[in-house]
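From first to last, the protein sequence lines stand for chains Y and F. Following full-length UniProt numbering from start to finish, the first sequence increments by one per residue and tops out at 63. Following full-length UniProt numbering from start to finish, the second sequence increments by one per residue and tops out at 475.
Careful, some of the hints might be misleading.
[To be verified] With a Cα cut of at most 20 Å, we get these calculated SDA-like pairs of lysine to any residue: (1) Lys-25(Y) <-> Ser-207(F); (2) Lys-396(F) <-> Phe-446(F); (3) Lys-25(Y) <-> Ile-191(F); (4) Lys-6(Y) <-> Ile-34(F); (5) Lys-24(F) <-> Lys-88(F); (6) Lys-31(F) <-> Leu-13(Y); (7) Lys-31(F) <-> Leu-5(Y); (8) Lys-25(Y) <-> Trp-210(F); (9) Lys-25(Y) <-> Leu-288(F); (10) Lys-25(Y) <-> Pro-199(F); (11) Lys-259(F) <-> Asn-53(Y); (12) Lys-31(F) <-> Ala-54(Y); (13) Lys-2(Y) <-> Pro-184(F); (14) Lys-31(F) <-> Ser-3(Y); (15) Lys-25(Y) <-> Phe-209(F); (16) Lys-25(Y) <-> Lys-396(F); (17) Lys-25(Y) <-> Pro-211(F); (18) Lys-25(Y) <-> Arg-200(F); (19) Lys-25(Y) <-> Lys-88(F); (20) Lys-31(F) <-> Lys-25(Y); (21) Lys-31(F) <-> Ser-49(Y); (22) Lys-26(F) <-> Asn-53(Y); (23) Lys-6(Y) <-> Pro-211(F); (24) Lys-25(Y) <-> Phe-206(F); (25) Lys-25(Y) <-> Asn-204(F); (26) Lys-31(F) <-> Phe-45(Y); (27) Lys-25(Y) <-> Val-212(F); (28) Lys-25(Y) <-> Leu-201(F); (29) Lys-26(F) <-> Ala-54(Y); (30) Lys-31(F) <-> Asn-53(Y); (31) Lys-6(Y) <-> Lys-31(F).
If you're looking for bench data, these hints aren't it; they were derived computationally from the structure. If you're wondering where the values come from, they're calculated on a predicted model, not measured in any experiment.
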Amino acid sequence: MKSLLKIISFIALAVTLVPSFLVFKGIITPELSKTLMFIGTIVWFVSASFWMNASDENEEAEN
Amino acid sequence: MSSTQNLKQRLEAVNEYERTPIPKNKLKGWKSFIGTYAGEHTAGTEFVLGPLFVAHGASAGDLVSGLIVGNILAVLSWAFLTGKVAVKTRTTLYYQLEKIAGNRFTLVYNLVNAALFCFLAGSMIAVSATAVGIPFNLPMPSLTDVYPNSVGWVVTVFGIGAITTVVAMFGFNVISKFANIAAPWMIMIFIAAAVGVLPRLGINSFSDFWPVAETTIWNGVPLEGQSKFTFWHIMFFAWFCNMGMHIGMADMSLLRYAKKWTYGFSSATGMFLGHFIAWMASGILYSLFLIESKGSLVFAPGPIAYEAAGIAGAVCVVIAGWTTANPTLYRAGLAIQSINPKWKTWKVTLFVGLVTTIAACFPALVMQLLEFVALYGLILMPLGAVIFLDVFVLRKMGLASNYAELTHSHFNPAVGITWVISLIFCLGLNIYGGIEIFFLGLPGWFVAVIVYLIASKVIQKKSLIKTATYTELNY
Chain Y
1 MKSLLKIISF IALAVTLVPS FLVFKGIITP ELSKTLMFIG TIVWFVSASF
51 WMNASDENEE AEN
Chain F
1 MSSTQNLKQR LEAVNEYERT PIPKNKLKGW KSFIGTYAGE HTAGTEFVLG
51 PLFVAHGASA GDLVSGLIVG NILAVLSWAF LTGKVAVKTR TTLYYQLEKI
101 AGNRFTLVYN LVNAALFCFL AGSMIAVSAT AVGIPFNLPM PSLTDVYPNS
151 VGWVVTVFGI GAITTVVAMF GFNVISKFAN IAAPWMIMIF IAAAVGVLPR
201 LGINSFSDFW PVAETTIWNG VPLEGQSKFT FWHIMFFAWF CNMGMHIGMA
251 DMSLLRYAKK WTYGFSSATG MFLGHFIAWM ASGILYSLFL IESKGSLVFA
301 PGPIAYEAAG IAGAVCVVIA GWTTANPTLY RAGLAIQSIN PKWKTWKVTL
351 FVGLVTTIAA CFPALVMQLL EFVALYGLIL MPLGAVIFLD VFVLRKMGLA
401 SNYAELTHSH FNPAVGITWV ISLIFCLGLN IYGGIEIFFL GLPGWFVAVI
451 VYLIASKVIQ KKSLIKTATY TELNY
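Let the sequences and hints guide you as you build the complete structure.
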């Protein structure tokens with residue numbers, strides 16, 4: 001489950017970043033890029049909150 | 001148990017070890033510091049500081065080389081100065097200073113420090129408000145505004161201030177967790193916003209970038225009324241814009257949790273993601289704004305980011321401001337709490353948050369941010385020199401560390417003399433030597449070192465030095 005969430009999170013980060021390069025290359029419009037960045041933002045915050053801090057707590061527990 | 005009681009118990013349980021060394025089992029790993037530094041320095045200020053270099057006519061070559069050298073010097077300062085002291089003492093700056101300088105001196109210092117932190121946090125809340133106000137067509141403050149320009153602005157600032165304060169009330173862990181999550185996303189937004197507007201600047205391939213950067217984005221020509229920035233301006237700006245935190249030792253509050261002093265190098269994430277990539281990205285956005293608005297002097301980070309990256313850009317401005325305001329508010333709370341350790345952390349933070357939010361209502365705070373950041377670092381710098389010498393040098397010279405604690409004194413004159421003479425020296429250099437404020441930190445630090453060593457030698461009583469005993473922490 002955690003691995004799946006991590007994959008989703010990294011895809012979300014990619015969806016936040018990559019569209020701007022597609023705009024740069026003239027493949028998509030700036031409007032579509034902004035929409036994709038917003039979707040990536042929502043998915044990142046929802047998915048990352050489940051595993052990022054859990055990783056820290058595990059690390060502290062190991063100390 | 002009622003939810004109110006539960007909340008109060010949780011708040012009371014927040015223990016930040018203000019007056020005791022951090023116990024070994026509470027030390028944090030690399031990830032915590034990497035996330036905190038990346039989040040803290042990829043922040044609301046970046047939307048202001050990046051455009052500064054464009055406005056001051058920095059050339060592309062000077063900008064890149066100045067930022068690389070200045071950021072490396074800042075990281076080295078965090079590791080070799082702050083990291084070493086924080087790991088050796090495991091205490092906050094405020095408690096360490098009290099042991100060295102006495103509680104009457106730290107009372108004054110802490111009040112000054114807390115006020116500076118409140119203003120910094122307040123300016124970041126105001127930057128966030130420029131983005132939150134977009135959907136409400138909130139009238140944005142202009143460069144000449146001093147007082148709030150609408151009821152809507154005040155309401156927006158108070159909303160953001162309330163959220164920031166509540167999160168800070170729950171302590172370092174909550175702040176660290178949020179910064180961890182937000183940091184990778186924020187840097188993606190900064191990069192994406194800048195890359196997405198490159199075609200509008202005439203950049204259609206990677207080989208176009210440098211020629212356009214040199215001739216259009218950072219063309220070396222300052223805006224009307226702005227001074228010209230050289231390599232030296234940029235290098236010292238990058239090094240000293242966080243002088244209060246590294247050379248001034250304010251980040252002992254964070255790095256005392258580090259397992260090793262080398263964790264100070266984790267500040268590199270903040271420097272090279274925030275103070276390199278984000279500054280360049282926001283400079284690109286501002287340059288485009290200047291071109292498309294035909295040289296308008298209006299400046300509002302929220303709308304500029306929204307225009308470039310849509311809703312995600314506006315959200316980035318809000319969160320970037322928030323992740324700076326949060327730890328700054330936390331530090332201000334620690335500064336105030338050291339005046340009376342019996343005060344609860346959460347109650348102090350609530351009070352500090354209220355003061356900060358009121359200050360954030362005044363746009364002048366944001367408009368004078370550059371001058372403020374320079375002054376903030378300079379004021380804290382001499383005490384950083386004092387702490388470093390006290391921890392590492394004094395005993396090697398046959399003098400006593402923690403002299404106020406040793407003598408049960410409320411005031412160590414050596415520290416007071418050092419602070420006053422160093423700042424008078426810097427003021428003199430500025431007024432009579434015409435040296436700009438960002439260059440004053442380096443000569444000022446050496447003056448502080450010399451004055452503190454001489455003053456300590458003169459003031460300390462030899463009989464007390466011989467009886468001094470010290471407890472060393474070995475973790």
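Hints and how they fare:
1. Annotation: proposed proximity of Lys-25(Y) to Ser-207(F) holds, straight-line Cα distance about 13 Å (limit 20 Å).
2. Straight-line distance between C-alpha atoms of Lys-396(F) and Phe-446(F) comes to about 19 Å, which keeps the hinted pair within the 20 Å bound.
3. Distance check on the hinted pair: Lys-25(Y) and Ile-191(F) sit about 15 Å apart at the alpha-carbon level, within 20 Å; holds.
4. In summary, the hint linking Lys-6(Y) to Ile-34(F) is supported, as the alpha carbons are separated by about 19 Å, within the 20 Å threshold.
5. Of the pairs offered as hints, the one joining Lys-24(F) and Lys-88(F) holds, with about 12 Å between alpha carbons and a cut-off of 20 Å not exceeded.
6. As the CA atoms of Lys-31(F) and Leu-13(Y) are separated by approximately 19 Å, the hinted pair is consistent with the 20 Å bound.
7. With a C-alpha separation of about 19 Å, the suggested pair Lys-31(F) and Leu-5(Y) falls inside the 20 Å cut-off, and the hint holds.
8. Of the pairs offered as hints, the one joining Lys-25(Y) and Trp-210(F) holds, with about 17 Å between alpha carbons and a cut-off of 20 Å not exceeded.
9. For the hint pairing Lys-25(Y) with Leu-288(F), the CA-to-CA distance comes to about 18 Å; that is within 20 Å, so the pair holds.
10. For the hint pairing Lys-25(Y) with Pro-199(F), the CA-to-CA distance comes to about 9 Å; that is within 20 Å, so the pair holds.
11. A distance of roughly 19 Å separates the Cα atoms of Lys-259(F) and Asn-53(Y); the hinted pair therefore holds under the 20 Å criterion.
12. For the hint pairing Lys-31(F) with Ala-54(Y), the CA-to-CA distance comes to about 12 Å; that is within 20 Å, so the pair holds.
13. Taking the CA atoms of Lys-2(Y) and Pro-184(F), the gap is about 18 Å. The hint holds against a cut of 20 Å.
14. As the CA atoms of Lys-31(F) and Ser-3(Y) are separated by approximately 18 Å, the hinted pair is consistent with the 20 Å bound.
15. For the hint linking Lys-25(Y) to Phe-209(F), the alpha-carbon distance of about 13 Å falls within 20 Å, and the restraint holds.
16. Note on Lys-25(Y) and Lys-396(F): the hinted pairing is violated, with a Cα-Cα distance of about 62 Å set against a maximum of 20 Å.
17. For a cut-off of 20 Å, the pair hint linking Lys-25(Y) to Pro-211(F) stands: about 18 Å separates their Cα positions.
18. For the hint linking Lys-25(Y) to Arg-200(F), the alpha-carbon distance of about 12 Å falls within 20 Å, and the restraint holds.
19. The suggested pairing of Lys-25(Y) with Lys-88(F) is violated, with an alpha-carbon distance near 52 Å, which exceeds 20 Å.
20. With a C-alpha separation of about 35 Å, the suggested pairing of Lys-31(F) with Lys-25(Y) is violated against the 20 Å cut-off.
21. Between Lys-31(F) and Ser-49(Y) the alpha-carbon distance is near 15 Å, which keeps this suggested pair within the 20 Å criterion.
22. Our distance criterion of 20 Å between C-alpha atoms is met by Lys-26(F) and Asn-53(Y), whose separation comes to about 16 Å.
23. Restraint check for Lys-6(Y) and Pro-211(F): the C-alpha separation of about 39 Å exceeds 20 Å, so the hint is violated.
24. With a C-alpha separation of about 10 Å, the suggested pairing of Lys-25(Y) with Phe-206(F) holds against the 20 Å cut-off.
25. Restraint check for Lys-25(Y) and Asn-204(F): the C-alpha separation of about 7 Å stays at or below 20 Å, so the hint holds.
26. At roughly 18 Å between alpha-carbon atoms, Lys-31(F) and Phe-45(Y) fall within 20 Å of each other, so this suggested pair holds.
27. Of the supplied pair hints, the one linking Lys-25(Y) and Val-212(F) holds, its CA atoms being roughly 17 Å apart against a limit of 20 Å.
28. For the suggested pair Lys-25(Y) and Leu-201(F), the alpha carbons sit about 14 Å apart, so the restraint of at most 20 Å is met.
29. Annotation: proposed proximity of Lys-26(F) to Ala-54(Y) holds, straight-line Cα distance about 16 Å (limit 20 Å).
30. At roughly 10 Å between alpha-carbon atoms, Lys-31(F) and Asn-53(Y) fall within 20 Å of each other, so this suggested pair holds.
31. Between Lys-6(Y) and Lys-31(F), the direct Cα distance comes to roughly 16 Å. Compliance with the 20 Å bound is thereby established for this hinted pair.
Of the hints listed earlier, those the structure fails to meet are numbers 16, 19, 20, 23, in rising order.
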